[in-house]
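Here are the chains, one letter per residue:
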Amino acid sequence: MKQKVATSVNGRRHEHEVEPRLLLVHYLRDNLGLTGTHIGCDTSQCGACTILVDGKAVKSCTMFAVQAEGKNLTTIEGMAKDGELHPIQQAFWDEHGLQCGYCTPGFIMAAAYLLSQNPNPTEDEIRKGLEGNLCRCTGYVNIIKAVQTAAKTMSGTQAKKTTVAAGGN
Amino acid sequence: MAVTQLVGAKIHRREDPRLITGHGHYIDDFARQGTAYAAFVRSPHAHARIKSIDVTDASKAPGVVGVYTARDFKGQLAGTHPAAPAFVAEKKYIPERFPIAEKEVCYQGEIVAVVLADTKGQASDAANMIQVDYAELPAVMDLEKALADGSPKVHEDGPDNLCWDLTYTGPEVTEAAFQEADTVVKQRILQNRLAPVPMEPRGVMAEYEGFDKKLTIWMSSQNPHFIRLFVSGAMGLKESQVRVISPDVGGGFGSKISPYPEDYLVPALSRIADRPVKWIETRTESIQNATHGRGQFYDVEVAAKNDGTLLAMRMTQHLDVGAYCGTFSAFQACACLMAGGAYKWKGGISARTIGILTNRVPTDPYRGAGRPEATHLVERMVDLVADELKMDPVEIRKKNFIQPGDFPYTQNFGLVVDSGDYEKSLDVALKLAGYDELRKKQAEGRKQGKYIGIGLSTWIELCGFGPSAATAPATGGIALVESAQVRVVPTGSVLVYTGTHAHGQGHETTFSQIVADQLGVPIENIEIRHGDTAEGTSFGYGTYGSRSLAVGGVAVSKAVGKVIDKGKKLAAHMLEAAEEDVVYENGSFHVKGSPDKAKAFGEVAFASYGMSLPEGMEQGLEAVAYFDPPNLVWPFGAHIAVVEIDAETGSVQLQKYVAVDDCGNIINPMIVDGQIHGGVAQAIAQALFEEVVYDDETGQLKTGTLLDYNIPGMGEIPIMDLDHTVTPSPTNDLGVKGIGEAGTIAASAAVINAVCDALSPLGIKHVDMPASPDRLWKQMKEARQ
Numbered sequence: 001m002k003q004k005v006a007t008s009v010n011g012r013r014h015e016h017e018v019e020p021r022l023l024l025v026h027y028l029r030d031n032l033g034l035t036g037t038h039i040g041c042d043t044s045q046c047g048a049c050t051i052l053v054d055g056k057a058v059k060s061c062t063m064f065a066v067q068a069e070g071k072n073l074t075t076i077e078g079m080a081k082d083g084e085l086h087p088i089q090q091a092f093w094d095e096h097g098l099q100c101g102y103c104t105p106g107f108i109m110a111a112a113y114l115l116s117q118n119p120n121p122t123e124d125e126i127r128k129g130l131e132g133n134l135c136r137c138t139g140y141v142n143i144i145k146a147v148q149t150a151a152k153t154m155s156g157t158q159a160k161k162t163t164v165a166a167g168g169n
Numbered sequence: 170m171a172v173t174q175l176v177g178a179k180i181h182r183r184e185d186p187r188l189i190t191g192h193g194h195y196i197d198d199f200a201r202q203g204t205a206y207a208a209f210v211r212s213p214h215a216h217a218r219i220k221s222i223d224v225t226d227a228s229k230a231p232g233v234v235g236v237y238t239a240r241d242f243k244g245q246l247a248g249t250h251p252a253a254p255a256f257v258a259e260k261k262y263i264p265e266r267f268p269i270a271e272k273e274v275c276y277q278g279e280i281v282a283v284v285l286a287d288t289k290g291q292a293s294d295a296a297n298m299i300q301v302d303y304a305e306l307p308a309v310m311d312l313e314k315a316l317a318d319g320s321p322k323v324h325e326d327g328p329d330n331l332c333w334d335l336t337y338t339g340p341e342v343t344e345a346a347f348q349e350a351d352t353v354v355k356q357r358i359l360q361n362r363l364a365p366v367p368m369e370p371r372g373v374m375a376e377y378e379g380f381d382k383k384l385t386i387w388m389s390s391q392n393p394h395f396i397r398l399f400v401s402g403a404m405g406l407k408e409s410q411v412r413v414i415s416p417d418v419g420g421g422f423g424s425k426i427s428p429y430p431e432d433y434l435v436p437a438l439s440r441i442a443d444r445p446v447k448w449i450e451t452r453t454e455s456i457q458n459a460t461h462g463r464g465q466f467y468d469v470e471v472a473a474k475n476d477g478t479l480l481a482m483r484m485t486q487h488l489d490v491g492a493y494c495g496t497f498s499a500f501q502a503c504a505c506l507m508a509g510g511a512y513k514w515k516g517g518i519s520a521r522t523i524g525i526l527t528n529r530v531p532t533d534p535y536r537g538a539g540r541p542e543a544t545h546l547v548e549r550m551v552d553l554v555a556d557e558l559k560m561d562p563v564e565i566r567k568k569n570f571i572q573p574g575d576f577p578y579t580q581n582f583g584l585v586v587d588s589g590d591y592e593k594s595l596d597v598a599l600k601l602a603g604y605d606e607l608r609k610k611q612a613e614g615r616k617q618g619k620y621i622g623i624g625l626s627t628w629i630e631l632c633g634f635g636p637s638a639a640t641a642p643a644t645g646g647i648a649l650v651e652s653a654q655v656r657v658v659p660t661g662s663v664l665v666y667t668g669t670h671a672h673g674q675g676h677e678t679t680f681s682q683i684v685a686d687q688l689g690v691p692i693e694n695i696e697i698r699h700g701d702t703a704e705g706t707s708f709g710y711g712t713y714g715s716r717s718l719a720v721g722g723v724a725v726s727k728a729v730g731k732v733i734d735k736g737k738k739l740a741a742h743m744l745e746a747a748e749e750d751v752v753y754e755n756g757s758f759h760v761k762g763s764p765d766k767a768k769a770f771g772e773v774a775f776a777s778y779g780m781s782l783p784e785g786m787e788q789g790l791e792a793v794a795y796f797d798p799p800n801l802v803w804p805f806g807a808h809i810a811v812v813e814i815d816a817e818t819g820s821v822q823l824q825k826y827v828a829v830d831d832c833g834n835i836i837n838p839m840i841v842d843g844q845i846h847g848g849v850a851q852a853i854a855q856a857l858f859e860e861v862v863y864d865d866e867t868g869q870l871k872t873g874t875l876l877d878y879n880i881p882g883m884g885e886i887p888i889m890d891l892d893h894t895v896t897p898s899p900t901n902d903l904g905v906k907g908i909g910e911a912g913t914i915a916a917s918a919a920v921i922n923a924v925c926d927a928l929s930p931l932g933i934k935h936v937d938m939p940a941s942p943d944r945l946w947k948q949m950k951e952a953r954q
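Order-wise, the sequence lines are chains A and B. So for the first sequence, the working numbering puts the first residue at 1; every next one is plus one. So for the second sequence, the working numbering puts the first residue at 170; every next one is plus one.
Worth double-checking, as some hints may not be accurate.
[Unchecked claim] For lysine-lysine, the following DSS-like pairs were computed, each having C-alpha atoms within a straight-line distance of at most 30 Å:
(1) B/289 / A/4
(2) B/610 / B/593
(3) A/145 / B/825
No lab work stands behind these hints, which were simulated from the structure alone.
Construct all of the structure, not just a fragment, from the sequences and the given hints.
As structure tokens, then:
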């Protein structure tokens, strides 16, 4: 019954035998112990479980683990490198873009994808780009600011080429 | 407080590094070896008799440890769900509530059985195999019909559906004023039922160690010490045998204050099965079972003079209690006590609250709890009077405000408003919004057929629960004061334990700002701890009612003061000086007038664990303090919303939102603004988007997922223009007031007043919430006919 799945998560290779019905988010949390990816609903509305799959933002509750076969995944745990926060993480911190923090990993991952596609989004483009994520604490005001700040920082350090746009590996 | 460096500054949050990197510890991130997972079987009916439960197939399913029904918990759990007196000391009828239904289910979602299995999937699979045979009963859904003679009953064996009916002040109080009035304005105002929807649902994990008789509960709670109190009592354990750990909490908004059935059942299951048991709520379970807020309607009458003087108010609150009386359900009756708002009512206020049982999930405090309702009703009524008298909403407010010289002001119900300057905050808001310019634009827009509206809310609230004299009777004995413990370890760093908790408010940051300034030590030397009943003081009181800073923060400051006092005694001994000559400044004890004759805080801390102490002094440098506030605190402010309503579709575009709030002294302006943003967003959500809808006949929940329950996304909440006035509270030494609920208390009135203002050319005077496109479209269509 169980099926093999081999993925690269945050640059590390993993191989497991899993039930075909296992959702990717449960695989990340329960099999790999990557609990930074959160579950906030059961209808794919909230976006708390957003990760990058081959560089693209995906709600990891909408995929089975076995569908991630051969893919490169980036979770929130893979964003900071060598003890340094990713500019989006830093911007969420600086702009008070989080309160309880539960939705935050999903927002950061969705923002990473947005900025990889559109490095200098307008306020309206940020609102549209992150409309798949819900936050109950911030009223979104400071999340928008955080994404704007991150965009500025990242365009200033484009030469360094952030790892996110490349798919996290 | 001594030299201020950090208090008042935008200090980045100390809790953020773990949260932005995925290293927070929420309840579902905890695991214990050998855990069994629980899945609950819940009633699909709003009201039914349970005829039989067949667990045969489920018991044989793979991985199943056991299947349990009410009978199995009879010897495990005693007592009924606690219902505090709160603001209604005498209740007519409090239905008995056992955490799992045996004979009758009274709301959709009520637990009837539970499966334990080795994995979550197995538990859930087996739960689906349980066959429950129900005989459906009529569902009581309408508040007025529920009170009518011959109504079906929410509980078959109950006397009727009346939970409480309390008249605080009768109509005779306002009789003279209503006689004298030039005009009387009446309105029924609805308060839509809301689901709190913290992004992290609830969850409980419990491990009972039978040989030690020790129970550890991990759960997502605003209130771990009260959970320890309730669960130990129900399980027949000593309170000291139970440890409750509430780690990072992913939002609460009031829905994680009271105990829930699962909070009893999961620990009991651990004792029955002799292994750790874990349950994490799904979103649908959360919307279906976590307590709701609001769910009320008000009949209000205001008597006024032609010059705009407000004379008197008569109001009756009809409150949907739900199927059982929530632990703090009757707290919501404070809407009556706060109905006067920021105004003087010389002719009095007549207030009555009626709590009505229905076959819905119970209501309990939700962000603001009673105060958003009070603001909404008084601010709506003031606008209706202004409209009647053709006055500007600003003018009528200014005419009736309680004035700065009136404080402390004893309002109509004997509560003492500690401080305020309502006109000042309104003036700042008017200027920030460009009010006169907005009115001009509105007039021009109206000529072009545009529905533009400007709405005000000059809100006040009471928070910081609270003084022992008021709160001990309200809880049934325990005063909602707050405790703190400060422990200075030998090398001088500081552990601070607070009995409050946090679910996003940033106490690890703000409390350490207070301690760092008071002690004059770097913030890095301070750790703020909360949420574990095994640490710190013997009791803590949790977070709700915007109390954490105004009660808990002050307790922390008091405990630090005690540490400094002991330090002074020791430093005097070390410096061979008289204690009264020693002063403490910038992290150092020195002799008055001789700054070089000094001992640093760290030196004194280390010495306190040594041998050269003054006679009679014990080793160590630590202190416990409780703060029993002499009064509640009374924040206030002025909000202004500007909307434009689409003439064809009825959809509301929120074009501008201005919020000027006064929470006394500000510890961290960044965090205060964040609280306002989130609070306002939740009120905008109530005003325009959210409503828990049940079928009127069957009691089926129609909004059980985030597909149907419309919490606003990024496209729906505008950028807000914020400012503050600062009127320090005389109630505590820090001069602070709560700000966690302010935005939610203020904003629904501003938005709906703006909507009503926008639609006034159509002759529409009042709009209920949520002012959704379909509601407005219908109202506009009727008005045009």
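Going down the list of hints, with the structure as the test:
Distance check on the hinted pair: residue 289 of chain B and residue 4 of chain A sit about 21 Å apart at the alpha-carbon level, within 30 Å; holds. Taken as a hint, the residue 610 of chain B and residue 593 of chain B pair is honoured in the structure, with Cα atoms around 25 Å apart against an allowance of 30 Å. Under the criterion of a C-alpha separation no larger than 30 Å, the hint pairing residue 145 of chain A with residue 825 of chain B is consistent with the structure, at around 17 Å.
Violated hints for the displayed structure: none, as all numbered hints are satisfied.
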